[in-house]
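Protein chains in written order, with the working numbering: chain H, 17 to 218; chain A, 17 to 218; chain V, 17 to 218; chain Z, 17 to 218.
The hints are simulated quantities; they were obtained by calculation from the structure and are not laboratory data.
Take the hints with a grain of salt, since some may be wrong.
Okay, the calculated beta carbon distance ranges per label pair [unchecked claim]:
#, chain 1, residue 1, chain 2, residue 2, range
1, V, K148, Z, S202, 30 to 38 Å
2, H, I115, A, I149, 17 to 25 Å
3, H, K205, V, S206, 31 to 39 Å
If you're wondering where the values come from, they're calculated on a predicted model, not measured in any experiment.
Note that the Cβ used here is the ideal one computed from N, Cα and C, for glycine as well.
Below, each chain spelled out in residue letters.
Number of protein chains: 4
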Amino acid sequence: MNWEAILAPYSQVVEELKVKLKGMRAQYEYESRHSPIEFVTARVKPVSSIMEKAEKKGIPLDEIEQNLQDIAGVRVVCQFVDDIYTVVEMIRSRNDLTIVEEKDYIAREKRSGYRSYHMIIEYPVETIRGMKIVLAEVQIRTLAMNFWAINEHSLNYKYEGAIPDDIKIRLQRAAEAAFKLDEEMSKIKSEVREAQRVFHRK
Amino acid sequence: MNWEAILAPYSQVVEELKVKLKGMRAQYEYESRHSPIEFVTARVKPVSSIMEKAEKKGIPLDEIEQNLQDIAGVRVVCQFVDDIYTVVEMIRSRNDLTIVEEKDYIAREKRSGYRSYHMIIEYPVETIRGMKIVLAEVQIRTLAMNFWAINEHSLNYKYEGAIPDDIKIRLQRAAEAAFKLDEEMSKIKSEVREAQRVFHRK
Amino acid sequence: MNWEAILAPYSQVVEELKVKLKGMRAQYEYESRHSPIEFVTARVKPVSSIMEKAEKKGIPLDEIEQNLQDIAGVRVVCQFVDDIYTVVEMIRSRNDLTIVEEKDYIAREKRSGYRSYHMIIEYPVETIRGMKIVLAEVQIRTLAMNFWAINEHSLNYKYEGAIPDDIKIRLQRAAEAAFKLDEEMSKIKSEVREAQRVFHRK
Amino acid sequence: MNWEAILAPYSQVVEELKVKLKGMRAQYEYESRHSPIEFVTARVKPVSSIMEKAEKKGIPLDEIEQNLQDIAGVRVVCQFVDDIYTVVEMIRSRNDLTIVEEKDYIAREKRSGYRSYHMIIEYPVETIRGMKIVLAEVQIRTLAMNFWAINEHSLNYKYEGAIPDDIKIRLQRAAEAAFKLDEEMSKIKSEVREAQRVFHRK
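Construct the complete structure from the given sequences, taking the supplied hints into account.
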C-alpha cells in the first residue's frame, strides 16, 4: 500500500486547518485583542497507530477512512477555559466544514482526569483526483489540560491502557493541580485580557 | 488606518492558497508523477504600492477592495509551458473559489515581451468577523518566463514605466532567449516527465 | 534610522539559535529519548520596546547594542523542572557561543513569583559586513512557569510595573498553582520519561 | 541501522546552512541592495541514494561519512553569473566553516553541458553527543543552469548514466539556450541591479 498517497488528503486537511486557525489568532493580534487561540498543533496519525487501532476495533483496512475519525487531528490550545467555548463557536460558524459530532469532556471529565472539548468534522478538500470529504478531529483545551494530557497519553501507551494504581493516583493529583491552575487563571482572566488589549506582545 | 487589520483577510487568502497549491505538488510527488507545479510564491501587495496604484487609477481608499484585483497575489511557476494549462485546469475545477476573469499572455504576449497566464478569482475566506469574499490574482508561468518577468518588473519600476529604448531592446533579446529555452525544454518534456516518474526525490 | 538593517544581525542570531535548539529536540526524538526541550520560541525586541527601555535606563541610542542584553531573545520551554538544568548544561557545553552571565530565578524566585533560568550569551554571527558578536538572552522555564510569566508580563505592562495589590495577590495564587503543578509532574517524571522512550510520536 | 539518528547531524547542518544563507539574502534586502542569492534549497541525500553510491564506489557502510561528500547538500541559486562568484567569496570569508575543495564547472563546463560552482566544506555542528565535524557540498548556479541541471539529473538517473544520443543532443541544445539566456541577462545586469536598489521587491 502507498500510504503516503492514501494519507495525502489527510495531510492536506491538517495543513489547511492549521493555516486557517493560526490565521484567526493573527487576526486577533492585528486588532490588539486577546486571542482565544494560544497555539495550534496538528498531525496525521502515524501508519503504525492507524493499523493498531484498526486491528483492535476489527475494522478492515478498506473501511478505515469511514471508521477512524482521528486520522487527521488538530489541537487548539487556549489560555483560559472560557476561550475554549469561544473557539467552539468560531468553528461552528464556519462555512468550509460541517460538524458531525461534539463531546464536552470539560463539563464532564473522563474518569482518568482527562479534560478537553472534541469536535468531529467533515472537511471537503481538493485533491489532484478531485474533491474529497475527509473526517477530522479537533481537540480544544487549555495549556494546563494539554500539559496533563500529553503526559497521560504516553503513560497510557506504555502500560497499554492499564496504568498501575499508584501511578494513576499520582496522575490524578497532577490533574487536580492542572485544574487548580486553570481555576486560578480564570480569576485573573478579565484583567489579563484587558492587559493584552493594551500590550500586544509578539 | 490599521492596515494590518484591513489586509488580514488578504494575508489569510494568500496563506491558504499557498498551502492548497503546494499540497497539489506534494500529491503528485507521493504518486511519483511529474508535478505541473514547480513552486509557489505569494504576497500581499505592500501598502505603499496599494496607495500608489489607487492614486494613479483615481480609486478612493474605501473602494480599493472592489477595484484592486491583485492585493492578494499568488504565483505558480512551472517547468514546461504545457504545465501552465494543466494548472489552469486544476484551478478551474476547484470548488473553493470562483474564477472572475482569465488573461492568456502566453498565446498573446504583451508588447514588452511579457508572458504569463493570469486568473482573477473570488475566494471566500473565514475571518474573525465572519465570511468575506476576497479578490485574488493568480499568475502562472514557466521558470524562464518568471526569470524574465522579475527583471522587467524592477526595471519598469525604476524607469516609472518608461524604460529607455536601448535597455528595452536588450530586454527583448533576453525575452527571446527565455522563449527559446522554453521551446528547447518542450522538446524534451516527455522524456523528462517519464524520467521523473522513475526518479523521484527533492 | 534603518531599524531593519540595524536589527538584521539580531534576527539572524534568533533564527540560528532557534534552528540549533529545535535541532537538539529532533535528535532526542530520533533516538526515542525524552527531550529536555519541549518547544522553542524566539523574537527580536520590537523597536518601540527597545526605545522605551533605552530611554528609561538613560542609554543613548548608539550604545544600545552594548547595553541592552535582550534585543535577541530565545525561550526554551521544558516539561519538567529538572529538564531546565539539562538544557543549561547543553548550552554551557556548546562551542559556538560564550556565556556572559547566568541568573537562576528558580532556586531563588523573584518577589512577584517569577521563576525562570536566564543566560546572557555572546554569539558570533556572520553578516554581509563580516563577523559580528551579538548579545542574546536565553530564558529557560517549564510550561507552568511560562504560562504564568506571559500573563504576569502583560499585566505588568498594562499597569506600568505597578500592579494593584488585589491583582498581585491573585497572581501569586496562580503562581502557587503553577508551582504545585510542576511539583506534581516532577513526581511522575521518571515514569513519563520512561514511557516516552517506549512511545514516540508527534 | 537507525538512519534517522545517523543522519541527524547532516539534517542539522543542512538546516543551519539554509538559515545562514537565507539570512544573507534578507540582509541585502533590508539595505535595498541587489542580493547575489536568489534562493536557497537544501537536502540530506536519501538513504537509498547513499547506499547505491556507496556500493558503486565500493565504500563500506562504516566509512560513508568520511567518503561521501554530498550527504548534506545545499544549493544556492543566483540571478546572474557574476553573483555566483560573489557568493563564493562570501562563503570563503566565513569563520564558521572550512573549505576543503572547490570545483569551477562554469569556467570549465562538464562534457554533458553541466555548469555550476561546487564547494566542499567542513562544518562543525553541535549535537546531543557533542561537537561533530561534518562534510557538506554547496552548489552555486544561476537560475538557467539550475533549470537545465535538474532536468539532466532526472534523465541521467532514468538511463543510468547512459542517456541515448538523440536525447543527449536535445539536452545540449537546451544547455545552449540556458547559456544564451545567462549571457543576455548579463548584458542588463548592471541596469537590473541598479533598479533593484530603487525598487526593493518582496
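The hints, checked one at a time:
1. V:K148 x Z:S202: 30 to 38 Å: Holds, since K148 of chain V and S202 of chain Z (Cβ atoms, about 33 Å apart) stay within the stated range.
2. H:I115 x A:I149: 17 to 25 Å: Given a distance of about 23 Å, which is inside 17 to 25 Å, the answer is holds.
3. H:K205 x V:S206: 31 to 39 Å: For K205 of chain H and S206 of chain V the Cβ distance comes to about 34 Å; the hint holds.
Consistency note: the structure conflicts with none of the earlier hints.
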